[in-house]
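Work out the full structure: start from the sequences and follow the hints.
Protein chains: 2
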Amino acid sequence: MHITETVLRDAQQSLIATRMPFDDFEAVLDDMDKAGYHSIECWGGATFDSCLRYLHEDPWERLRKIKSHMKNTKLQMLLRGQNLLGYHHYSDDTVRRFVRRSVENGMDIIRIFDALNDMRNIETAVDECLKAGGHAQGCICYTLSPIHNLEMFVSLGKQIEALGCNSLCIKDMAGIMSPQECYDLVTALRENIKLPVYVHTHATTGLGYMTYLKAAEAGAAGIDCATSCFSGGTSQPATESLVYALAQMGFDCGVDSKQLKKVNDFFLPVKDKFSANGLFDPYVLSTKTDALNYQIPGGMLSNLVAQLKAQNAIDKLEAVLEETPRVREDMGYPPLVTPLSQMVGVQATVNVLLGERYKSIGKEIKSYIKGEYGKAPGKIAPELAKKVLGDEQPMTGRFADTLKPEFEEAKAYLGSRARSEEDVLSYIAFPQQAEQYFDRRDQTFTASYSFKEVG
Amino acid sequence: MHITETVLRDAQQSLIATRMPFDDFEAVLDDMDKAGYHSIECWGGATFDSCLRYLHEDPWERLRKIKSHMKNTKLQMLLRGQNLLGYHHYSDDTVRRFVRRSVENGMDIIRIFDALNDMRNIETAVDECLKAGGHAQGCICYTLSPIHNLEMFVSLGKQIEALGCNSLCIKDMAGIMSPQECYDLVTALRENIKLPVYVHTHATTGLGYMTYLKAAEAGAAGIDCATSCFSGGTSQPATESLVYALAQMGFDCGVDSKQLKKVNDFFLPVKDKFSANGLFDPYVLSTKTDALNYQIPGGMLSNLVAQLKAQNAIDKLEAVLEETPRVREDMGYPPLVTPLSQMVGVQATVNVLLGERYKSIGKEIKSYIKGEYGKAPGKIAPELAKKVLGDEQPMTGRFADTLKPEFEEAKAYLGSRARSEEDVLSYIAFPQQAEQYFDRRDQTFTASYSFKEVG
Ligand SMILES: [Co+2]
Ligand SMILES: [Co+2]
Numbered sequence: 001m002h003i004t005e006t007v008l009r010d011a012q013q014s015l016i017a018t019r020m021p022f023d024d025f026e027a028v029l030d031d032m033d034k035a036g037y038h039s040i041e042c043w044g045g046a047t048f049d050s051c052l053r054y055l056h057e058d059p060w061e062r063l064r065k066i067k068s069h070m071k072n073t074k075l076q077m078l079l080r081g082q083n084l085l086g087y088h089h090y091s092d093d094t095v096r097r098f099v100r101r102s103v104e105n106g107m108d109i110i111r112i113f114d115a116l117n118d119m120r121n122i123e124t125a126v127d128e129c130l131k132a133g134g135h136a137q138g139c140i141c142y143t144l145s146p147i148h149n150l151e152m153f154v155s156l157g158k159q160i161e162a163l164g165c166n167s168l169c170i171k172d173m174a175g176i177m178s179p180q181e182c183y184d185l186v187t188a189l190r191e192n193i194k195l196p197v198y199v200h201t202h203a204t205t206g207l208g209y210m211t212y213l214k215a216a217e218a219g220a221a222g223i224d225c226a227t228s229c230f231s232g233g234t235s236q237p238a239t240e241s242l243v244y245a246l247a248q249m250g251f252d253c254g255v256d257s258k259q260l261k262k263v264n265d266f267f268l269p270v271k272d273k274f275s276a277n278g279l280f281d282p283y284v285l286s287t288k289t290d291a292l293n294y295q296i297p298g299g300m301l302s303n304l305v306a307q308l309k310a311q312n313a314i315d316k317l318e319a320v321l322e323e324t325p326r327v328r329e330d331m332g333y334p335p336l337v338t339p340l341s342q343m344v345g346v347q348a349t350v351n352v353l354l355g356e357r358y359k360s361i362g363k364e365i366k367s368y369i370k371g372e373y374g375k376a377p378g379k380i381a382p383e384l385a386k387k388v389l390g391d392e393q394p395m396t397g398r399f400a401d402t403l404k405p406e407f408e409e410a411k412a413y414l415g416s417r418a419r420s421e422e423d424v425l426s427y428i429a430f431p432q433q434a435e436q437y438f439d440r441r442d443q444t445f446t447a448s449y450s451f452k453e454v455g
Numbered sequence: 001m002h003i004t005e006t007v008l009r010d011a012q013q014s015l016i017a018t019r020m021p022f023d024d025f026e027a028v029l030d031d032m033d034k035a036g037y038h039s040i041e042c043w044g045g046a047t048f049d050s051c052l053r054y055l056h057e058d059p060w061e062r063l064r065k066i067k068s069h070m071k072n073t074k075l076q077m078l079l080r081g082q083n084l085l086g087y088h089h090y091s092d093d094t095v096r097r098f099v100r101r102s103v104e105n106g107m108d109i110i111r112i113f114d115a116l117n118d119m120r121n122i123e124t125a126v127d128e129c130l131k132a133g134g135h136a137q138g139c140i141c142y143t144l145s146p147i148h149n150l151e152m153f154v155s156l157g158k159q160i161e162a163l164g165c166n167s168l169c170i171k172d173m174a175g176i177m178s179p180q181e182c183y184d185l186v187t188a189l190r191e192n193i194k195l196p197v198y199v200h201t202h203a204t205t206g207l208g209y210m211t212y213l214k215a216a217e218a219g220a221a222g223i224d225c226a227t228s229c230f231s232g233g234t235s236q237p238a239t240e241s242l243v244y245a246l247a248q249m250g251f252d253c254g255v256d257s258k259q260l261k262k263v264n265d266f267f268l269p270v271k272d273k274f275s276a277n278g279l280f281d282p283y284v285l286s287t288k289t290d291a292l293n294y295q296i297p298g299g300m301l302s303n304l305v306a307q308l309k310a311q312n313a314i315d316k317l318e319a320v321l322e323e324t325p326r327v328r329e330d331m332g333y334p335p336l337v338t339p340l341s342q343m344v345g346v347q348a349t350v351n352v353l354l355g356e357r358y359k360s361i362g363k364e365i366k367s368y369i370k371g372e373y374g375k376a377p378g379k380i381a382p383e384l385a386k387k388v389l390g391d392e393q394p395m396t397g398r399f400a401d402t403l404k405p406e407f408e409e410a411k412a413y414l415g416s417r418a419r420s421e422e423d424v425l426s427y428i429a430f431p432q433q434a435e436q437y438f439d440r441r442d443q444t445f446t447a448s449y450s451f452k453e454v455g
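First to last, the protein sequences are chains A and B.
267 is the number that the UniProt record's numbering gives to position 267 of the first sequence; each next residue is one higher, with no gaps.
158 is the number that the UniProt record's numbering gives to position 158 of the second sequence; each next residue is one higher, with no gaps.
The reader is advised that the hints may include incorrect statements.
Just so you know, same-sequence chains aren't split out, so a pair can sit in one copy or run between any two.
Said to hold, decoys possible - No farther apart than 30 Å at their CA atoms in a straight line, the calculated lysine-lysine pairs in the DSS-like style are these:
#  : residue 1 : residue 2
1  : K273      : K316
2  : K131      : K363
3  : K359      : K194
4  : K316      : K271
5  : K74       : K359
6  : K387      : K258
7  : K316      : K387
8  : K258      : K309
9  : K379      : K261
10 : K316      : K262
11 : K309      : K261
12 : K404      : K67
13 : K74       : K258
14 : K65       : K309
15 : K194      : K258
16 : K273      : K262
17 : K359      : K131
Bear in mind the hints are in silico, worked out from the structure with no lab data behind them.
None of these values were measured; they are calculated from a predicted model.
As structure tokens, then:
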């Protein structure tokens, strides 16, 4: 059973808003490398944005520095397919360059997903990853809906296999996959496709540990865990606990328990620091089961509540909770993951507050109905489609095919401020944050240079 | 699958030092009664002491008030056998009266354990519970040691059955029982005894959820869970999560999910109050896996660390951690539960700090070696026995047989300050706290009476 340690990416993203600077964990990297993890998830997701925006680090440099400590262990990242690390589609030339540079800077395994499970949105990233010599892991975003059944998931698994992916990941970002559902899904996938199946979940609803146990029993190839002091709640189940339990059940995780303890002992004071400075809000650790009642992710639920409170309309919560699944049905059951969870939630709220359904329709929903996010998993309700499209036809092709190449233009715009192709890619991914980072970097350089001249 | 909800006892004891006053939960009792729990653990353990000491409540009155709301649901309590709710042995007359009054005041199920698993220490309580018409649940305290194997546990189960208990509980107070160990133990017990087997654990080490899942698969009759906002960490796994997961696996818990949500929604602001006033320290929620490395409970480990820090000798921690299992072995492998965990830990620390083993021996350890706590599970090391006993023989009989009846004397001492037999029992259990409570009660009464006279 492979263990992927997530403390450097998903765990810190889930618990401390991705605010862990490289200096906080550099000293433990050699020990992490000796622990026997299959991989360390350390890049992608929100880390890239956070490096530029809050930590004033070059994300590419972080990757290279982490890599320099890894003699045994693969590095892993999370990538939103055609969206890379953001929420809109990039042109294929950008996607290919980004993926290639990721591999060239040290990334081993790229986990690639699309929020709609439209595999056309991951195919370019997968293709380039494979060409660059990386391990491409295709994802199925797990969700509950009347149309998301084993048959659909197996069909998605076959598409992932057909893309040439090296492995498959069931990605349950909201922690709503139950142990039985996981067992059945891993079993069905293994019966129908040859790829190793990895399972990713969160401890949010209290199902995570049990779900991983059943993943193992169903023959999953690996699970994602977080070192215990960064585990639980919105993060992953604890590495040490799973390793201990699975070992007794005959699943060898290949890790060294003493080394796991060293790693956790290292991170304890790091966590204490974030507790003290308030970035670690213990609220995230408590088990929240409302997602199981409403079949919507906990994060989406708290967004709905916050929206309604801001509108002084919290008394409409029940109505919004009833409208939410109807909007989702009208939209062809998109998985409730960012940004779709927000889109569905806002539209449901607007429908209720205006007292008329779809009187006002969000810009993003319109783009979605037009097919600009990809293909909806199910059928869009005809009335909603008609309202948005009128007599137009929705796009049936791949949205990224309509995008012009972006890289050369961005490179030209940045000129000498970009010191590398990586800088250009940072800029394309997060223009404002990257420019601020470049400015700061230039200033820092000048300042220290001037000092030398004077002193 | 039976669900016992622990929020009113073990969960609040584990998370907020048992400080929840009756007024905080009275309003939810009717809803709890409608939830479909097999039982509600609401009394015993530390609640009795806390009522008298901190909350200025009569514990017996609390029991009667809770009972008055229960039309459908059984009440459950935890009792330390011959120790009742404390840490020394009481005379049989006290134990019988305490147990009988518990049942008469509304208790349905009494879970009875002895820290050494010496069944002579639970037999009087079990016998009286049965005679009073209560449900007697005998416990096996779960621990890991070379002699605590399936054979020993099954033999303990047979003793519990022979006592006439209605059911058996595997009590894993430290959360160190792994899912596989639980599966094997429940299976072995079910093959060898006829009693329904209940499983009690904590989420402390991250094993709890998985352990309950395997308990269910092995045919356990029930599990102890806590409503989600009072679940996790040192408390129990979450009720709603287990019910949700088990239902999909074909285990009907007989509870109403909507009602569970009502209950949890009620306790959310209660928890927030304890977060705000500092009694709820979020530290207790984080998963702590050191107990799995050292095979000793987390609470014992933090005690050791605190002791050594107080002695300015934290550099001796590794030595103490190596000495601890040796002391435990010398003592015949007592389960590491209160008070034995403290006794073993202190002795190990003393052995290391004095640089000579058993140069000084604690008073409690001496009593233990003399047999005053009951029979050690294994053999006491001859050198240690010799050091304590000299040429004396240890007691082989039942310690409580040497105790004189206590009740009448206490009743006479209290005189009119005791308004009931329950008051006398409160005094015997916690003399100082009970007297303070009686004084306060009398003052309150006088004060309000005087006020009437004047006004
Ligand atoms: Co995740
Ligand atoms: Co307990």
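Do the hints match the structure? See the list:
no.	hint	in the structure
1	K273 / K316	between (39 Å within a copy, 26 Å between copies)
2	K131 / K363	neither (36 Å within a copy, 73 Å between copies)
3	K359 / K194	neither (48 Å within a copy, 65 Å between copies)
4	K316 / K271	between (38 Å within a copy, 25 Å between copies)
5	K74 / K359	neither (51 Å within a copy, 52 Å between copies)
6	K387 / K258	neither (61 Å within a copy, 37 Å between copies)
7	K316 / K387	within (25 Å within a copy, 74 Å between copies)
8	K258 / K309	between (48 Å within a copy, 23 Å between copies)
9	K379 / K261	neither (50 Å within a copy, 33 Å between copies)
10	K316 / K262	between (50 Å within a copy, 18 Å between copies)
11	K309 / K261	between (43 Å within a copy, 21 Å between copies)
12	K404 / K67	neither (33 Å within a copy, 72 Å between copies)
13	K74 / K258	within (20 Å within a copy, 45 Å between copies)
14	K65 / K309	neither (44 Å within a copy, 37 Å between copies)
15	K194 / K258	neither (34 Å within a copy, 41 Å between copies)
16	K273 / K262	within (18 Å within a copy, 36 Å between copies)
17	K359 / K131	neither (48 Å within a copy, 70 Å between copies)
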